[in-house]
Amino acid sequence: MFGISGGQQVLLVWSQPVDGDDLKSLVEQLKSTVGVGGRVAVENSEMLRSSGHASSSLDHALACVLPPFVAECPADVLAEVLRVLRPGGRLTLRTTDATALRSALTLAGFTSVSPAGNANLTDEQKSDLVTSVVELTCRKPDFEVGSSLRLPGAGSAPAGTWNINLDDDLDLANPDDLLTEEDLARPDPAALKVCGTTGQRKACKNCVCGLKEELEGEEQEKREQDRNNFKSSCGSCYLGDAFRCASCPYLGMPAFKPGDKVKLKDTT
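Residues are numbered in the numbering used here as their position in the sequence shown, beginning at 1, plus a constant of 2.
Among the hints, a few may not be true.
[Unchecked claim] Derived CB-CB ranges, DEER-like:
no.: 1; residue 1: 54; residue 2: 23; range: 52 to 58 Å
no.: 2; residue 1: 105; residue 2: 177; range: 49 to 55 Å
no.: 3; residue 1: 256; residue 2: 217; range: 38 to 44 Å
no.: 4; residue 1: 78; residue 2: 178; range: 52 to 58 Å
no.: 5; residue 1: 204; residue 2: 260; range: 37 to 43 Å
no.: 6; residue 1: 186; residue 2: 152; range: 47 to 53 Å
[Said to hold, decoys possible] Dumping the calculated DSSO-like pairs for lysine-lysine here, alpha-carbon to alpha-carbon at most 27 Å:
no.: 7; residue 1: 128; residue 2: 33
no.: 8; residue 1: 207; residue 2: 128
no.: 9; residue 1: 224; residue 2: 207
no.: 10; residue 1: 214; residue 2: 224
no.: 11; residue 1: 214; residue 2: 204
no.: 12; residue 1: 204; residue 2: 224
Hint data in this document are derived by calculation from the structure and do not stem from the laboratory. Each residue gets a CB set at the ideal place from its N, CA and C atoms; glycine is no exception.
Using the sequences provided together with the hints, build the complete structure.
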């Protein structure tokens, strides 16, 4: 029954409300199945953690397998059952909510959770049911928690591989010696003012970061400096537009006397 064979160490976990006669009858059947070489441990779910079972000492565990099949299997109970089962050991449960139980088993660390199957109930057990009952089995992984396993191909280091012993007194290079004068030089602040979109010192079409206004201010300042530092190359700028070249800043201005101070109108 429940896939249990002779000589196995079995744990039966029960919870209230359970009929005493049903519990006694199941225990007798299990003892008959495991025989003289086996053992059946019966534990209340609320006292399981204090029962003192050794880790990885049991082959099979049963939980929630008795009517009325309404008892839940809390996470701490599942964790304790996982601890006492041997690697590869099985857990069998009965439930009216297979989806929730499958999720709980997976989160607890069990693997190979089976699809919901027939619970093989007796006619007497079926007569008192309101909701259908299914049976699930799962396994403890084939390794202990905290165990290690060498990965395939993880052998000794191949020839030519550098091995560094950090306990050795290594003569490491000073990081400061790796920096050149150019690395230590401060960048030009003007070169850092670039548009986040274009990546250049050129404002984008919809500039909102202030770079457009800054560039326009710099351009205006440059024009003012050019006017103040302007020197006529032909010497005829004062005579009027007829005598002025195309780049003359006085274009459009009236003629003036040599030496007069002329204030240029901003054409921007």
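State the violated hints by number, sorted upward, taking the hints as numbered earlier in the document.
1, 3, 8
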